[in-house]
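We have chain U; now place chain D onto it with these hints.
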Amino acid sequence: MTAPQTLFAKLWAAHEIMLREDGTSLLWVDRHLVHEGSHHAFAKLGDRGMKVAAPDLTFGVVDHYAPTRAGEVAADIRRMIDTLGQNARSQGIRLFDLRDPGQGIVHVIGPEQGLTLPGLLINCGDSHTSTHGAFGALAFGVGATEVAHILATQTIWQKRPNTMRITINGVLGAAVSAKDLALHWIAKLGADGARGHAIEYAGTAVEALSMEGRLTLCNLSIEGGARLGLVAPDQVTFDYIKGRNFAPTAAAWDAAVNDWAALKSDEGAVFDCEVTINAAEIAPTVTWGTSPEDALPITAHVPDPANLPATKQEQARAALEYMGLTAGLPLEAVNVDQVFIGSCTNGRIEDLRLAAKVLAGRKSRVPGLVSPGSALVKKQAEDEGLAQIFTDAGLEWAGAGCSMCVGMNGDLVGSGKRCASSTNRNFKGRQGRGARTHLMSPAMVAAAAVTGHLADVRPLLEGRT
Amino acid sequence: MSGWTKIDGRAVALRQSNVDTDQLIPARFMSAPRSEGYGSFLLHDARQEDAAHVLNRFASADVLITRRNFGSGSSREAAVYALVDFGIKAVFAPSFGDIFQSNAVNNGLLPARLSEDQIETLIDAIGEGDADASVDLIDGSAMIGGHALSFDLDPVWQQKLVNGWDDIDLTSQHNEKITKFRAARFAAHPWALPAT
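Residue numbers (the working numbering), protein chains in the order written: chain U, 1 to 465; chain D, 1 to 196.
Extracted from the complex, chain U is given alone in its bound form:
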């Protein structure tokens, strides 16, 4: 009898090529995803005169710098996109270039194309690589030196992280989404609460999530400091994957499902840390400060720094000053200047459907941008009539990419402007210099759009199915 194992331990063991005496493991990388930001790593490889070790397992996509609207493209953005194209061509890497029908945000197209599968180890030079863990894949972001190492060897040296299980029991309330769940636990544990840990999300509320919801949940693992997030694959996972472009077929499919069925934590497996959350306690949640941990239910008030723990007071005062907020103000009284729906966190078809459900037949009181997570999501949203709902509401319907989440492709929030955003980071200057970001679910962004202020989406959904 072997001791019960966690899902994480099984995945780690399946990729460990060797364990060095100092406790560092050399891990095999099944998929390596690169984007324009990987230029430093390609340059390092070039300096050594090396070739990519496994071009068949390396995929490139234009996303961070992708222009989402027609018009002039700045020279430095053009150069970033061209450089990726040259690197992909010279190294024989399949590239999803700007006009490729499969183009989109790397963490949206990985799953969409069937490149992301349970049991794989996936790396990308982007912290939100944790997203892919929603399939039961070991997926984590790395820096440029490590990207270069993976390009050169298709392996990565890693120290084994600790394990944490976050169990969410019960059922999420109406209009409460995976985004609210993620912001809730990050507020509870802190932006470094899961530092050094691999999280497994479990419990009935997680099992009930769609793949889109699980992707959102795992995506935000990094905002709580975790190395990666995991959800054990199940029928929901298998149904999502079947028939996708790069997914296994025929006999390989049967073998895959057989292997994947074993990818769960054994009964009695021990985690280094256990956290339990009651789903019924989670309300639609918004951030008020400049860290994802600064999150509260929409029914709450802007906190008074004086009432916070001593170590948080200075940070909270600085955050309120940057955000232009006064302690004690009801969150629902905070007016917004604009809205954004999109990103690797919430730019998938289900996210757009939920936002459209709120916006249908209504007008946005503020300008806003909707950027689908991929060209395929864009097409589907247009076919389903969602794009029409957004434009009828007065929002701009744009192309696919990282867009207004990342402040490097021309889509920016102006200085001092307040944006209700379905993205992942409310850091100072993230959406543009001086921009004020409030994170929330796409449905909550839609609620902010139609009311002109941070708002509880629940009453707006009454009578809508």
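Don't take each hint at face value.
As the list claims (entries may be wrong) - No farther apart than 27 Å at their CA atoms in a straight line, the calculated lysine-lysine pairs in the DSSO-like style are these:
1. 10(U) <-> 264(U)
2. 312(U) <-> 379(U)
3. 159(U) <-> 180(D)
4. 10(U) <-> 6(D)
5. 188(U) <-> 312(U)
6. 379(U) <-> 242(U)
7. 188(U) <-> 264(U)
8. 379(U) <-> 363(U)
9. 180(D) <-> 89(D)
10. 10(U) <-> 242(U)
11. 51(U) <-> 177(D)
12. 89(D) <-> 10(U)
13. 357(U) <-> 177(D)
14. 159(U) <-> 44(U)
15. 177(D) <-> 44(U)
16. 44(U) <-> 89(D)
17. 177(D) <-> 242(U)
18. 180(D) <-> 51(U)
19. 177(D) <-> 10(U)
20. 363(U) <-> 417(U)
Simulated from the structure, these hints should not be mistaken for lab results.
Chain D in isolation, oriented as in the chain U frame:
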């Protein structure tokens, strides 16, 4: 990358927690080639908005003392390039973003952990000024503003900083193992290969 064992320089205190990588280097600067130098991008917006910012007043600082969760957020190694090119050789904090720490060590920058109490003591001691700082990587000790400290650092990372090792060279010694692993993995699990 060349290794190092000792720093003798000046330390300053950055009294913030959660200094994320978007603050360390705003995204708009990241398309620049490294050869142009990233030092001027370090904490660019904060420094431009505040002429009295500690890094404006002490542009020759070598050691940064700061609060918890330094380098959280994006995996951008450019945040480390900005620190290194500015001249920072070590950062002391109660905690760091995981990816940032790896990036730091890969570029010769020491991410040294101290307790919250030790950090607060140093921040009080240094105040708005600067202070003498010496760091010894071999025995994991430091003397900052007259306070003798021992810091926490993964021994693997200590070795890497001291030797200036490059992982690609180390890994190349195991090429045969890697090749065998790949063959065995895809033979046992053909589904793990991209289908088309």
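Right, here's what the structure says about each hint:
1. 10(U) <-> 264(U): Holds: residue 10(U) and residue 264(U) sit about 8 Å apart, inside 27 Å.
2. 312(U) <-> 379(U): 45 Å, violated
3. 159(U) <-> 180(D): 22 Å, holds
4. 10(U) <-> 6(D): 41 Å, violated
5. 188(U) <-> 312(U): 14 Å, holds
6. 379(U) <-> 242(U): 20 Å, holds
7. 188(U) <-> 264(U): With Cα atoms ~26 Å apart, residue 188(U) and residue 264(U) stay inside 27 Å; holds.
8. 379(U) <-> 363(U): 23 Å, holds
9. 180(D) <-> 89(D): 40 Å, violated
10. 10(U) <-> 242(U): With a Cα-Cα distance of about 23 Å, the restraint between residue 10(U) and residue 242(U) holds, given a limit of 27 Å.
11. 51(U) <-> 177(D): Since the Cα atoms of residue 51(U) and residue 177(D) sit roughly 19 Å apart, the hinted pair holds (cutoff 27 Å).
12. 89(D) <-> 10(U): Violated, at about 38 Å.
13. 357(U) <-> 177(D): Measuring from Cα to Cα gives roughly 54 Å; hence the hint is violated.
14. 159(U) <-> 44(U): Holds. Residue 159(U) to residue 44(U) sits at ~23 Å (cutoff 27 Å).
15. 177(D) <-> 44(U): 24 Å, holds
16. 44(U) <-> 89(D): 22 Å, holds
17. 177(D) <-> 242(U): 33 Å, violated
18. 180(D) <-> 51(U): Cα-Cα ~19 Å, so holds.
19. 177(D) <-> 10(U): 20 Å, holds
20. 363(U) <-> 417(U): Judged against 27 Å, a Cα distance of about 20 Å means the pair holds.
The structure is inconsistent with the numbered hints 2, 4, 9, 12, 13, 17, although it conforms to all the rest.
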